[in-house]
Amino acid sequence: MSEEMQQEADGKIKKFMYVNRKAPYGTIYALESLEVVLIGAAFDQDVSLAFIDDGVFQLVKNQNTTDIGVKNFSPAFRALGDYDVNKLFVEKESLDERGLSSDDLMELTWEDEDDDWEEKPSIQLVSRQEMKTLLGNQDVILSF
Amino acid sequence: MSILHTVNKSPFQKNDLRSCLNHANSDDAILLIEDGVYGALSGTEFSLLTSSSDADIYCLKADLAARGFDKNRVSDGVKLVDYDGFVDLVAQNDAVNSWL
Amino acid sequence: MKFAIVVNEGPYTHQASDTAFQFTRAALAKGHEIVRVFFYHDGVNNGTKLAVPPQDDRHIPNNWAKLGKDNQLDLVLCIAAAQRRGILDEKEAKRQGKDASNVIDGFRISGLGQLIEAGIEADRTVTFGD
Chain H
1 MSEEMQQEAD GKIKKFMYVN RKAPYGTIYA LESLEVVLIG AAFDQDVSLA FIDDGVFQLV
61 KNQNTTDIGV KNFSPAFRAL GDYDVNKLFV EKESLDERGL SSDDLMELTW EDEDDDWEEK
121 PSIQLVSRQE MKTLLGNQDV ILSF
Chain G
1001 MSILHTVNKS PFQKNDLRSC LNHANSDDAI LLIEDGVYGA LSGTEFSLLT SSSDADIYCL
1061 KADLAARGFD KNRVSDGVKL VDYDGFVDLV AQNDAVNSWL
Chain E
2001 MKFAIVVNEG PYTHQASDTA FQFTRAALAK GHEIVRVFFY HDGVNNGTKL AVPPQDDRHI
2061 PNNWAKLGKD NQLDLVLCIA AAQRRGILDE KEAKRQGKDA SNVIDGFRIS GLGQLIEAGI
2121 EADRTVTFGD
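Residue numbers (our numbering), protein chains in the order written: chain H, 1 to 144; chain G, 1001 to 1100; chain E, 2001 to 2130.
Since the hints were made in silico from the structure, they are not lab data. You may find that some hints are simply not true.
[As the list claims (entries may be wrong)] In silico DSBU-like pairs for lysine-lysine, Cα to Cα no more than 35 Å straight-line:
hint, chain 1, residue 1, chain 2, residue 2
1, G, 1079, H, 15
2, H, 14, G, 1079
3, H, 12, E, 2098
4, H, 132, E, 2002
5, G, 1014, E, 2091
6, G, 1014, E, 2030
7, G, 1071, E, 2098
8, E, 2030, G, 1009
9, E, 2098, E, 2030
10, E, 2098, H, 14
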């Protein structure tokens, strides 16, 4: 059976992209967006996340919310790999504009079962031009 | 594949329109709605951006009228649509990206 | 064509719910099918039966409920977002030990999976928010 027929038999597989353009904590959008991603992982779709503009601030490491009395949800990004959500595209220009580099971001990994469970990075830096192409190639784009 | 982008915030306050223009492919369409329609006004720093865009730019007429403007105050090349036109744009493109 | 609609803002503060309403009405009039309207974030506040806007203003929750009833629309409030914001149907109110519920007839409360399912089922997913 061809891959296409297999997908037909398994039901529809669509390309879902979650677009994150908002910073965490100031508003609830980033947290509730992540909740959709975690629930959506059960649906076996072709899922990726895009981090553009202030969305890149969601992935900054060392977030400490103790003194604002709000739950720190950044550790939940580490769980994404276990749910086979392992394509997190971060726009390089958005990082540059904010004085950030990949060293400022959390280290997120997933285990590739087709490659002897090797740990691989989930975050991929892409250029704005590449992001443009990625966005143009989706079936469903969800932004919150 | 072509995408319909919607922008609903004033470009004078937020960067959504600029970011959308930076990420739209040439065969895409951009629809300005709600406060996004201020991005369609002529004679602003955004008029040049929209008129030099490869993607087609549309503006929701109802939102423009609500804010006291009509086609005479809109940059060249921006097409006005009603809600039916909005529905058609969604149907004509392969997916919708709302720049929220 | 099949559309899924996502509404991420509550009534009145932001225009998103009004725009989504006008869009949905126009899509139905053109013969399109609305597979689901999913209310998320503050959008769940569109499902309250306790809103009492001034007489000369539109009644956003009632308008949605009527549009839903007239067209057999599936109007779904996200349960996680709704519980956070104090939007409960009778069943949830009972389960949570609350003495009141406030979801308007015509809306139902369900999980986030309904959003993904709508995205899979529909030809187009259109999000309205801030």
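Hints, one by one, checked against the model:
1. The suggested pairing of residue 1079(G) with residue 15(H) holds, with an alpha-carbon distance near 30 Å, which does not exceed 35 Å.
2. The straight-line distance between the Cα atoms of residue 14(H) and residue 1079(G) is roughly 32 Å, inside the 35 Å bound, and the hint therefore holds.
3. The straight-line distance between the Cα atoms of residue 12(H) and residue 2098(E) is roughly 40 Å, outside the 35 Å bound, and the hint therefore fails.
4. At roughly 26 Å between alpha-carbon atoms, residue 132(H) and residue 2002(E) fall within 35 Å of each other, so this suggested pair holds.
5. Taken as a hint, the residue 1014(G) and residue 2091(E) pair is broken in the structure, with Cα atoms around 41 Å apart against an allowance of 35 Å.
6. For the given pair, residue 1014(G) sits about 33 Å from residue 2030(E) by alpha-carbon distance, which is consistent with the 35 Å threshold.
7. Proposed proximity of residue 1071(G) and residue 2098(E) is contradicted: the alpha carbons are some 53 Å apart, above 35 Å.
8. At most 35 Å may separate the alpha-carbon atoms for a hinted pair to count; residue 2030(E) and residue 1009(G) meet this at roughly 27 Å.
9. Restraint check for residue 2098(E) and residue 2030(E): not satisfied, since their Cα atoms lie roughly 42 Å apart, outside the 35 Å limit.
10. Between residue 2098(E) and residue 14(H), the direct Cα distance comes to roughly 40 Å. Violation of the 35 Å bound is thereby established for this hinted pair.
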